[in-house]
Amino acid sequence: MVAFTIQRLLQSVLVMLTVALIAFALFNYVGDPISNIVGQDTTLADRDHLRAELGLNDSFIAQFARFVSHAAQGNFGLSYQQARPVSQIILEKMPATLELSFTAALLALIVGVPMGIYAGLHRHSWVSQTMLTVSLIGVSLPTFLIGILLILIFAVVLGWLPSFGRGAVVHIGWWTTGLLTAEGLRAIILPAITLALFQMTLIMRLVRAEMIEVLRTDYIKFARARGLTSRAINFGHALKNTLVPVITITGLQLGSIIAFAVITETVFQWPGMGLMFIQAVSFADIPVMATYLVLVGFFFVVINLVVDLLYYVVDPRLRIEREASANV
Amino acid sequence: MPDDTILEVNDLQHHFDVSPPALDRVLRGKGRVAVKALDGVSFSIRRGENFSLVGESGCGKTTVARCIVGLYRPSAGNIVFDGVDIGRLKQRNAMSRVRRRMQMVFQDPYASLNPRWRVRKIVAEPLVTHRLVTDKAELRTRVGELLEQVRLSPADGDKFPHEFSGGQRQRISIARALAAHPDLLVCDEPTSALDVSVQAQILNLMKDLQRRLGLTYLFISHNLAVIYQISDRVGVMYLGRLVEVATADQLFSTPRHPYTQLLLETIPRLDPPDGSSGEREPVAGEVPNPIHPPPGCAFHPRCPLANDRCRNERPSLLIADDAFVACHAVHEGRLSSRLAEPHSPARCD
Amino acid sequence: SGEAKTFRWANDGDPTTMDPHARSDGFVTSFDMNIYEPLIRRDRNLKLEPALATEWASINPTTWRIKLRQGVKFHDGTPLTVEDVVFSIQRARDAGADATSQLAPVKEVKPIDDRTIDFISDGPVPILPNYLVSAAIMSKAWCDAHNTTSAANHEGIENYATRNANGTGPFILKDRQPGVRTTLVRNPDWWGIKDQPIDPDEIVFTRIDNAATRVAALLSGELDMVYNVPPQDIERIRKTAGFKIWQAPELRTIFLGMDQSRDELLESSVKGKNPFKDKRVRQAFYLAVDEDAIASKVMRGLAHPTGLMVGPGVNGYDATLDKRFPYDPRAAKKLLGEAGYPDGFEVGFDCPNDRYVNDQVICQAVVAMLAKIGVKANLLAQTKAKYFGKINAPRFETSFYLLGWTPGPIDALNMLQNLTATRTDTDGIYNNGGYSNPHLDKLIKKIQVELDAEKRNELISEALTIVKDDYVYIPLHQQMVVWASRDNVDLAQYATNDFPWRYVKLK
Amino acid sequence: MTPKNTEPLLRVENLRVEVPSRRGALTAVDDVSFDIAPGEVLGVVGESGAGKSLTGAAIIGLLEPPLRIAGGSITLSGRRIDTLPYEAMRRVRGKEIGVIFQDPLTSLNPLHTVGHQLVETVRTHLDMGSVEARGRALSLLGEVGIAAAEERIDHYPHQFSGGMRQRVVIALAIAASPRLIIADEPTTALDVSVQAQIIALLKRLGRDHGTAIMLVTHDMGVIAETAHRVAVMYAGRIVEIGSVRKIIDRPSHPYTAGLMASIPRTSGPRGRLQQIDGTMPRLNAIPEGCPFNPRCPKRLSRCRHDRPDLIPSGDADVACWLYLPVSEPTHA
Amino acid sequence: MSELTASGTPASVPERPQRWMRFVDSDLLWSFSRSPVTMVAAVIALVIIGAALLTPLIAPQDPYDLASLSLLDATAPPAWLKDGSWNYPLGTDNQGRDVLSAVLYGTRLSLLLGCSAVILSFLLGVTLGLIAGWRGGIVDALIMRVADVQLSFPAILIALLIDGVVRSVLPRQVQTEISLYVTVLAIALSYWVHFARTVRGSTMVERNKEYIQAARVIGVHPARIVVGHLLPNVVGPILVIATINLATAILTEATLSFLGVGLPPTEPSLGTLIRIGNDYLLSGDWWISIFPGIALALLILSVNLLGDWLRDAFNPKLR
Ligand SMILES: Nc1ncnc2c1ncn2[C@@H]1O[C@H](COP(=O)(O)OP(=O)(O)OP(=O)(O)O)[C@@H](O)[C@H]1O
Ligand SMILES: Nc1ncnc2c1ncn2[C@@H]1O[C@H](COP(=O)(O)OP(=O)(O)OP(=O)(O)O)[C@@H](O)[C@H]1O
Ligand SMILES: [Mg+2]
Ligand SMILES: [Mg+2]
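Chains as they are written, first to last, in our numbering: chain U, 1 to 328; chain Y, 1 to 349; chain P, 1 to 507; chain E, 1 to 332; chain C, 1 to 319.
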């Protein structure tokens, strides 16, 4: 298990390096940061000077190597746009994104899992048929459209919820949280729903499918034959056995929640990393983009690791088998 | 090698590597771990003969079969088929020529047929693969013949496997195995998933085919009654080794190895011997872990006759009367029978 | 009243730094100039007026003399001195600062006494006071104390002035969360407070990138005012009770440019020659564009169609020249035929999609209009970072493009020098089409040194006429500055898109 | 030897199980009647698909939809249980009827410890605290012959061997001391040596606790050792039912006879086994008359269109026209 | 089910029935006819696909023919509203495009784009998944790590990369024409992982099944085993992923076009239309985004419902 964790973390370094390499290869195509940094009256000579100073004339391999060697010392450079250390910017933005992503994931789970269970248990009832169909609408519309529609309804027309931002935040060390203030809680509702909608649909369908599958297994039949109560069967036995695939997908999706957060954060002006990334792209702010991507790569590896470790917790069989096949 | 020997297996070994990943091993200071599924098995089969392997679950029967048909590469030892050492063939071409003459019928009639192929295509696959028949119409007739040979109708070729019962599927498997005119048919528990009446049909069919086509069988089963009915000679396996090889009549009338005796005793009987309650004595102990097989004779923990020698020294397969037995007790005469020359080769043909 | 008055507003950009010398970005400067102040500032009508300098005059062709206002204190309480001015001008011109080029003609800043400073240049600089408008005055002592005597920031550590400020202006920086929210409070000790009482106690600025969200936040009552309202939402806001629209023409001119320097266009079906070198082709393009339709439909009337490359309000603007040649697709088609392209041709068309009001929509409309004369413009609309990297110096990789230009010092010379002069190290930097006309170049040189205002304006008119008649560019319009606010807000709207909060009143 | 004198524990009368399908309902179990006395072991044999498992499932009310009981009645100690509402029937399951399925690998929930599953079952049916229930779980494990129960109770199913798992399944089935156990092929997946252990255990239950057992299996050897009476099923019907020795030694129905003959033996002549030609019909193609008639070597002409009922013939009940008492009138 | 619906004993099937009759008689059609939701979905899907195929014939206007657009007609409301005209039944967008025609053409484009992207990622993912699952070991670890890296990049960035490379490598003239392919490639490259992972999983299960071993014993070439035996048995489960991905691909394209990477705005897809209309939602010109939105929602809904049904219909365990 320890070995497994170490192995994964080693792999994560490789993954992050590759991500960074690819990232630098593509930075040539995101545009020219210089024209964003300087004003329109800056002379060509000054621009050239700045370009050389930032190392933008070097090959992407050289830029990549410099980034890696600095990053290894914990220095991710200064943002072109904000002239502040990237690490500081990211630390400021991370809490917002993580809070939003986890709230959305939680929401998706809290709503998706019970709905999935219900739909799995009552396969033919019209309620579950309706639920299944309606939930699909959530995945049929682009996120930005859903976001704007929600803002229109709940902020502009009804005036119940704020249309943008994170509300008041509380500082706990370097972490900031909006979850401890009423204003912050109100602010997270709409973005979290927007972000969770897709995942909710997915989880619900997944749980349903797994539930149907598990309910047909022999051990459920045997549990029935032992006269266990429906509750014990559905929740104690069936649900727990659907967890492994649900954990896998939720883990994978948590990653894409972070990716989707880019759009949700833009629509709701949520001051997180996604918004920061989009702003960085439109500014061609290479240090910010590179660090963000590497961080996302790291998140993915960590999430995958956590998912795998959760397997151990949930499924005792894997506690042995995993050891024999940890390299796959 | 006598002329009529079609297959000869010499000191066959097969080990499964079940070690944890490299990093794990380093961190925990552990070495590689191997399951010695086969630990020196030797036997040979004559042309037209029906040789059977019997033994409890996990003793390595399937592994023998798979090594022979080339699904596993042996860790050591050689397999000589019709004078050719298959282990040394490197080229796919040469391999496939030999392969064609050696076919296998699997245990599970439900898993051994591709569920998405029509029966016609399944049965024709060996013919197509080895380009034995290229003409479409001829292929159709040939498949029809094969199906008829196993008592199905040619019209069944248009159906999918799921439309057949277990026994019928096993017939399809046999038809497929026969398609390329093999000499040797390896049957790994072909009837253990079937019920008795269907089992009888399949066993009879196999016997008929053997007679008609002059086939040689390597037959594997854990069901002693089936073995008794179908085999000419029987090898009894225990934990990756052969412990006794004898003709079927000998084995069932005078089992020598204590393990063979134990096996025969555990068969449930239709007609309880007079006076007994009809109750079998449950065997003590289970098959040991093949990762750490007991030293000496692997059977000694369960053997009523085990002594110190059995615990330390591994017995070899030696002639005892007309049979070959690997047991110190037998060889020492502790269990009847007289000892043969101690150095006769460990071969049983 | 007892309650503090807070003014909440939002824009799509962020004042990325509080350091007034670090970036010459329009919005950043406009924002920072509420905390810091220049020597000379512009009033609501863009006329120069005294700020930290009380008077200024040219005492000889190469020297401007200014008098410093007395009794001014920085937010930290230290008084403003001549040394601070000398230091600040120096800081603004330093490597690392971004305003260098504007103050380039200044050779020396010489303190004369404790309230007089001379600005000495190599040659005559008639519009030097215009340049001083964007040079903020910082406290030397404060900069020394915080090790921020230079605006440079590429050394790997954050410059102290990036997130902290100590100016003389009417507002004091209270809290700054970059990219999220910036809070400022009124400076009760501001020198101008008697003539110009400051109404809001607190200003809260939020960045909201998405236009729809921004407008929604205004309508839902979370904001008092937003900047950069998309034209299509104006009607909606106007019709909603409790809100109003502020609009004024902006100085920025939106225009189309054509590559006239390469012998073969980079992106075109025409091989071996450059059709844009033929004036008839440029004229045909001009005539094919129905600017009135763009102004009314795309811009919803919020644009001033223009025949000139500078707008009203800019020094040198000539109303008699500001008339577009009329839309005439038939004539355009004919001209194309005469030029040898009766069936038109294909050409790449570059366009930003996040820079100007409805930029991409305008471009699409232009594509459709050109299609009617047989020209197939292949539109590539990109984000500004990619777009500018492609079309601007040094690559100039474009054949046909859309751009907007605001003459920084509000003088036509700036446009002529940057957009129409032959490309050199210092001139023609944004002359992406590579137009070159020696006669025009000579005129521009003359304008640069002409001190007599009237004569100078005549020269400018002459130059503008050449630009217009030679179809160097296809000017489209000056877009409107459109702001929206609650009904209770009063403010001053600048054509430069600047937003000085000292005029904000909350009823 | 059969404790016939006592009141039957389980009585199944004219049970019919149907599967609705596109083309009307198919009958999977047709008019099956039998009873089991306390302490009695009833063996049920027959070809795969004959309806053995469905009969068992119908008794404990666990037919999977769309399967349904279409007729007949099931009575447990005089109480009709096929019409009980879900909750009442749930209390019967496990408490009064225990079930053992064929596959020990899949009958246990892999994610819960063996102890958890035992305690859960015990506490569902018996009024016990968790400590007490654990104690009972331990004694149950001991009873089914699992050594070192104290240590094993907290293990997960995958940590047990196949034979041990099947013993755990039995422990679960007898957790609430049911009076009837339905054992559906409890030894098919096991090795001969383990099989003997399980059979011994089942027999002891019947002997010591008076538990009645319905033992479904293919293995005539197991039946011969264990059962008191045997029911032979073919195509959804019982074709013959009688004492174990009668069925094995003197089968009446041609199908039973064929079945017995095709069992390979380890002694006597080798060579061709006896076989019944053909295959059992599918549910949608059950022939008119006696369902066995197309394969029957002794077919009479009436077998083709008249369906024989199960009628006493000597010391067994047989459904075959060969054994029709001459006096009895024909009846469809 | 199989046991019950197979056409009886061998003897009772004298001749092979006609293909058509077998289809009419099939379980698939039967289960279809019993699910009204599926039937509605199928009708909608058919109408949409039909409309997409026939677009040039039925659309009132060709929105790609720029010369026919009139900016002066821009943002006209649908016909039944005040100021509406039956020239533009569903109104016009900000360029004066007829919304109905734009929706028809946009659907056609989105469908083409979505399908090609899904097919491409399907091929790529299935191939890599098969290889990884079949070969195992190093090859497998390598492919799966590449998948990890791939997952770290949002589709948008992949698109930027490919777009950039293509633009710097290929001559400018062809770039507009190939923008469709670039978009397809970009989207495909970001979705193959889902296919690959699933296929790899089922391959590892399936490759140990006896029918695969039987083929090996026969001596079938490994490549043939993979393609002939393995492939048909592992593609089933990913049909559903394909239907969901079709939706995601179409939506991703909308986001891409915003970054200037997708299709040119002069040839709008459904996604682009919605994004354009999005800017006009507040202003009250709802028809610009709502009609394409409805079209997209219907398309995706029907595809997904059909996917659901297919999954259930092909899964004998669920019947
Ligand atoms: N792929 C494998 N990896 C590791 N160990 C294996 C593998 N296959 C078989 N073994 C082990 O090798 C030994 C012999 O297995 P084999 O399948 O040959 O037994 P068998 O006699 O055929 O048993 P059964 O009657 O259950 O089929 C067993 O202990 C088994 O656990
Ligand atoms: N869920 C179901 N739906 C439809 N038909 C079913 C279902 N379960 C069983 N059947 C059919 O009912 C018949 C009887 O099945 P049953 O399981 O009782 O047979 P069995 O005698 O137990 O056979 P085996 O020895 O193979 O376990 C078979 O034809 C089977 O195909
Ligand atoms: Mg085996
Ligand atoms: Mg059964």
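It is worth saying that the hints were derived from the structure and are not from the lab.
It cannot be assumed that every hint is accurate.
[Unchecked claim] Label pairs and their computed distance ranges (CB to CB): (1) Ile-119/C with Ala-34/Y: 22 to 32 Å; (2) Thr-229/U with Asn-307/Y: 23 to 33 Å; (3) Thr-229/U with Arg-135/C: 39 to 49 Å; (4) Asp-65/C with Pro-394/P: 35 to 45 Å.
C-beta: ideal position from N, C-alpha, C; glycine also.
| message | Which constraints among the numbered hints does this structure fail? Numbers only, ascending. | response | 1, 2
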